[in-house]
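If you read the sequences in order, they're chains V and H.
Going by our numbering, the first sequence opens with residue 1, and the numbers climb by one from there.
Going by our numbering, the second sequence opens with residue 1001, and the numbers climb by one from there.
It is possible that part of the hints are untrue.
No more than 27 angstroms apart at the CA atoms, straight line, and that leaves these computed lysine-lysine pairs for DSS-like [unchecked claim]:
| # | chain 1 | residue 1 | chain 2 | residue 2 |
| --- | --- | --- | --- | --- |
| 1 | H | LYS1033 | V | LYS191 |
| 2 | V | LYS100 | V | LYS238 |
| 3 | V | LYS189 | V | LYS238 |
| 4 | H | LYS1033 | V | LYS235 |
| 5 | V | LYS235 | H | LYS1031 |
| 6 | V | LYS100 | H | LYS1064 |
| 7 | V | LYS105 | V | LYS189 |
| 8 | V | LYS128 | H | LYS1031 |
| 9 | H | LYS1033 | V | LYS128 |
| 10 | V | LYS128 | H | LYS1064 |
| 11 | V | LYS238 | H | LYS1033 |
| 12 | V | LYS99 | H | LYS1064 |
| 13 | H | LYS1064 | V | LYS129 |
| 14 | H | LYS1031 | V | LYS100 |
| 15 | V | LYS128 | V | LYS99 |
| 16 | H | LYS1064 | V | LYS191 |
| 17 | V | LYS235 | V | LYS189 |
| 18 | V | LYS189 | V | LYS129 |
Just so you know, these hints were derived from the structure itself, not from any lab.
Note that the coordinates shown come from a computational prediction; the quantities given were computed from them, not determined experimentally.
The primary structure of each chain is shown beneath.
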Amino acid sequence: MNHQHPTIQSDVITGFKACLPTVLGYLGIGFAAGVIQKAAGLSIAEIGLLSALVYAGSAQFIIAAMILAGNPISSIVLTVFFINLRHLLLSAALAPYFKKISLIKNFFTGSLVTDETFGVAIAEGIQKKTISYDWMFGLNITAYLNWILANIIGGILGDMITDFRKYGIDFALPAMFAGLLIFQFLTEKSKIILYIIVACFTILIFIFLSIVLPGIWGVMLTAMIGSFFGLFLEKIWK
Amino acid sequence: MEIRFSIICIALACGLVTLIPRTLPLMVFSKIKLPDWLLIWLSFIPITVMTALLSNDLFITHSKLTLWGNIYGLIAIIPTILVAVIFRSLLASVLIGIICMALLRYFLG
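Looking at chain H on its own, in the form it has when it is part of the complex (with noise of 0.2 angstroms):
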């Protein structure tokens, strides 16, 4: 099986890019004493980088802003939410989700 040589030169570079941005802030971060302002800003991270990730999957179609452009997605990601509130569980909400998703497809097309 071949592994082309410019492949590999991306694979490294890329890898290399990605590597820093997710080493740098554990390592020195982690050593320094943060500002509390900084903590309390941090501490919100995970909620918008979320919001904004899942904002992302359900607004952008073609790299292009469109409200109601995934409408399968709107619907499907509301008993996502319910199962994640009422079962509390990961994988539940993930294959509703799926399933939503399927059904949708299959019988609206």
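Bound-form chain V, shown alone (with noise of 0.2 angstroms):
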């Protein structure tokens, strides 16, 4: 019989291994943010700098938009609050599986958080009722040196691509979103209705906000919304 206790090393390998199905998609969008953010004039090395620190591709768009536009950085700062403030969501929801773990150590989990790591996450949260802090450490850090990497390339070919749209590659987010999305149905099967209705529900929130609200407060409102709705159908389900 083979005993196979994990240790640190096995889950952190573990933990990259589950990295690797959103290393493709988080290539492309880093890749394309680097072109992007290149073209705004930033340097390598400032690219660098914005992805290894702020670490959001949505806000590092957004930055180098407005970098380009001349907006102070006083609007950039508060923008960017306002487009990262839906990881409080992410963070919140990842909460109960830390419970046992150290406040340091919650704190690095926290700081890596994205929406790909966090939809992975959470798969394996719901699959093996638990995740474990040195199988995220794994998924973190795969994600957050790709995604440097992947900008830092974006930046020094950029100029070479004339058009990625072409390729498709801005494509790539959009269709791991999708991917997480059908993952999240599929593993709590006995749900899977609740599921689709509350899903459907939440893309009519989102069209109806975004006209009566546009901007920034969409996504982030639109969820809360929508988990109002699948905590309430949850309710009178029973």
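Both chains are given apart, each in its own frame, so use the hints to dock them into the complex.
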């Protein structure tokens, strides 16, 4: 019989492997982000700095656009704050899995939370009922390093690629969200109808909200309202 | 290679305002006992966030709501979803999505 106790090392490696399917999507978006930041006049070093310190694709796209437009730093920081506020929800949704982990370790886990790694982590959590800190570390670090690398490569090659949209690379991000969404449905088969209904309702909320309240609030508010609808449905379903 | 002081400021400030929402809940909520309704609410967050993000990519073009504006995206998402359901592979779904998008743009402009 082969007993394999999970060691820190094996967990980190498993986390790294779990990240691999998202690596391609990340590479595409990171590459695109690098190209756009370069086009906005940022140097490779500056792109690397932003990728390492902000580590958020949508925010980096906006930063590049606002730098190009000459917006004041205060506006840029405020906009980024609102765009990235949704990480609050992601972090909160992960929190129950990290109850027994120390404050400092949770700080490190949280610092690298992204939409994509969240999707992978939550699927693991629902399936295995637990998320190992070391596994999460492997997942996070892989995504992080991959992102920085993709941005830098995009910045370097950006001048050479005239139109990366031709290759459909920009579709990597929505494709990844769609894939992660489907996996969410599949994690709990008994609730799949409930989840599909909630997702459809969420789309309607999003469309409605973006007419009434265009802009950054859309995603976060939609998610919160959609979740309340889910809560409501689950309560009356019982 | 240069790093402008303004960029350093932007990177640090934006990094900070991003770091706080990322770390605070994990540090705080994991220590407090959350009420049951909140746990159920949070359990829907993955789905609603992914749906909202996807909707944002599919229905918003140039910061405006355009239901059919990203028609290629709406088309390409179908095989993406199918591959995800059938093959349960994130990589395969992303690849199919990219390829479909590339084909749509190549043949239809």
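Verification of the hints:
1. H:LYS1033 to V:LYS191: holds, 25 angstroms
2. V:LYS100 to V:LYS238: violated, 31 angstroms
3. V:LYS189 to V:LYS238: Holds, at roughly 17 angstroms.
4. H:LYS1033 to V:LYS235: holds, 20 angstroms
5. V:LYS235 to H:LYS1031: holds, 26 angstroms
6. V:LYS100 to H:LYS1064: violated, 44 angstroms
7. V:LYS105 to V:LYS189: Cα-Cα ~32 angstroms, so violated.
8. V:LYS128 to H:LYS1031: holds, 21 angstroms
9. H:LYS1033 to V:LYS128: holds, 21 angstroms
10. V:LYS128 to H:LYS1064: violated, 40 angstroms
11. V:LYS238 to H:LYS1033: holds, 23 angstroms
12. V:LYS99 to H:LYS1064: violated, 41 angstroms
13. H:LYS1064 to V:LYS129: Since the Cα atoms of LYS1064 (chain H) and LYS129 (chain V) sit roughly 40 angstroms apart, the hinted pair is violated (cutoff 27 angstroms).
14. H:LYS1031 to V:LYS100: holds, 8 angstroms
15. V:LYS128 to V:LYS99: Roughly 16 angstroms between the alpha carbons, so the hint for LYS128 (chain V) and LYS99 (chain V) holds.
16. H:LYS1064 to V:LYS191: violated, 33 angstroms
17. V:LYS235 to V:LYS189: holds, 18 angstroms
18. V:LYS189 to V:LYS129: Roughly 15 angstroms separates the two Cα atoms, so the pair holds.
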